[in-house]
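S.K.: Please construct the entire structure, taking both the sequences and the accompanying hints into account.
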Amino acid sequence: MSVAAQELPPTIVLPPRSYSAADVMRYASLTDDHNPIHTDEDFARDSAFGVRIVHGTLLVAQLWAALRTHFGDAAFRGCHADSRFFVPIAVGATVFTRGTLLDHAASDVRYEFITSTSDCSMNVRTLVSLATPVAPQGET
Amino acid sequence: MLTYERLIAGQPVGHVRLHVTQAECALWRDVFPNVDGGGAFHPPGLVIALAMRGYTQLLRERPPGNLHAGQAWTWGAPLPVSETELTVSLLCEQKQRTQTRRWVWFRCSLRGDDGDGADYLQGCMRMAWAR
Chain A
26 MSVAAQELPP TIVLPPRSYS AADVMRYASL TDDHNPIHTD EDFARDSAFG
76 VRIVHGTLLV AQLWAALRTH FGDAAFRGCH ADSRFFVPIA VGATVFTRGT
126 LLDHAASDVR YEFITSTSDC SMNVRTLVSL ATPVAPQGET
Chain B
37 MLTYERLIAG QPVGHVRLHV TQAECALWRD VFPNVDGGGA FHPPGLVIAL
87 AMRGYTQLLR ERPPGNLHAG QAWTWGAPLP VSETELTVSL LCEQKQRTQT
137 RRWVWFRCSL RGDDGDGADY LQGCMRMAWA R
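Sequence lines, in order, name chains A and B. Residue 26 is where the first sequence starts when you use our numbering, and the numbers rise one by one after that. Residue 37 is where the second sequence starts when you use our numbering, and the numbers rise one by one after that.
Hints are computed from structural coordinates only; laboratory data are not their basis. Quick caveat: nothing in here was measured; it's all calculated off a predicted structure. Heads up, the beta-carbon is just placed ideally off N, CA and C, and yes, glycines get one too. Any given hint might turn out to be false.
What the hints assert, rightly or not - Some chain A residues close to chain B (C-beta under 8 angstroms, calculated; not the full set): (1) G103; (2) A115; (3) F121.
Stated by the list, open to error - Simulated coverage check for chain B against chain A, where a stretch passes if three residues somewhere in it have a Cβ under 8 angstroms from a Cβ of chain A: (4) 58-68; (5) 112-125.
To be verified - Output of the computed footprint for chain B on chain A, the stretches with three or more beta carbons under 8 angstroms from beta carbons of chain B: (6) 74-83; (7) 122-128; (8) 137-143.
M.R.: Written out as structure tokens, the structure reads:
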């Protein structure tokens, strides 16, 4: 199934959310990743960040959920996503993610997503190439 | 402890079999209760979380304080909820020491053990190794 180019959202704004200590512990259990930088207050206090930080893969998981909602499971077959984690995000901080349509071709759609804790920061940058066929103008 | 010096670039770390349980799926739904449930296939984010579970199980002795600096994933076939047996394979692809960091790149794949061994996820992660 293809989508018309005019149906591609030029921006995708995810609802702000935070990851609580309980969320992080659940994700640590799921991934078996109990790195104390995520789970141990005392260890994190002595680290370069001074506080517990959210798992990087958890930070961007909300993004995959949003893309699944917009484009469906089929768009993930062959989907490529490249994330760079620049600045860690503290447990409990509110996270904002906004995506911008970069371009689209006959076989894929590319978005850039910026995840941040405020309007002027860039904590994570993710480039996504979705395997969503885009119909030529006038066809759907 | 698996220090930076003990990692060998180009060498496979190994494979691990995962059994996907309802309890793990429930943990995912607890974190994303309203946006990522239902359907015949597991959410793409849960697929990555399962790959990470394989990574952590294969690298049990990694030092505390490692940081996840980057990742590039390509999803394959959608992972059916009926698929409960998976294999994660891991390769230490590259190492690089700079003045401030010990970088390690791992190549990771998640495949099915049922049926035709479908390819669900391929990727590369860049880690800042703590020691």
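S.K.: Tell me, which hint numbers fail for this structure?
M.R.: As far as the earlier hints go, 2, 3, 7, 8 are violated by this structure, in ascending order.
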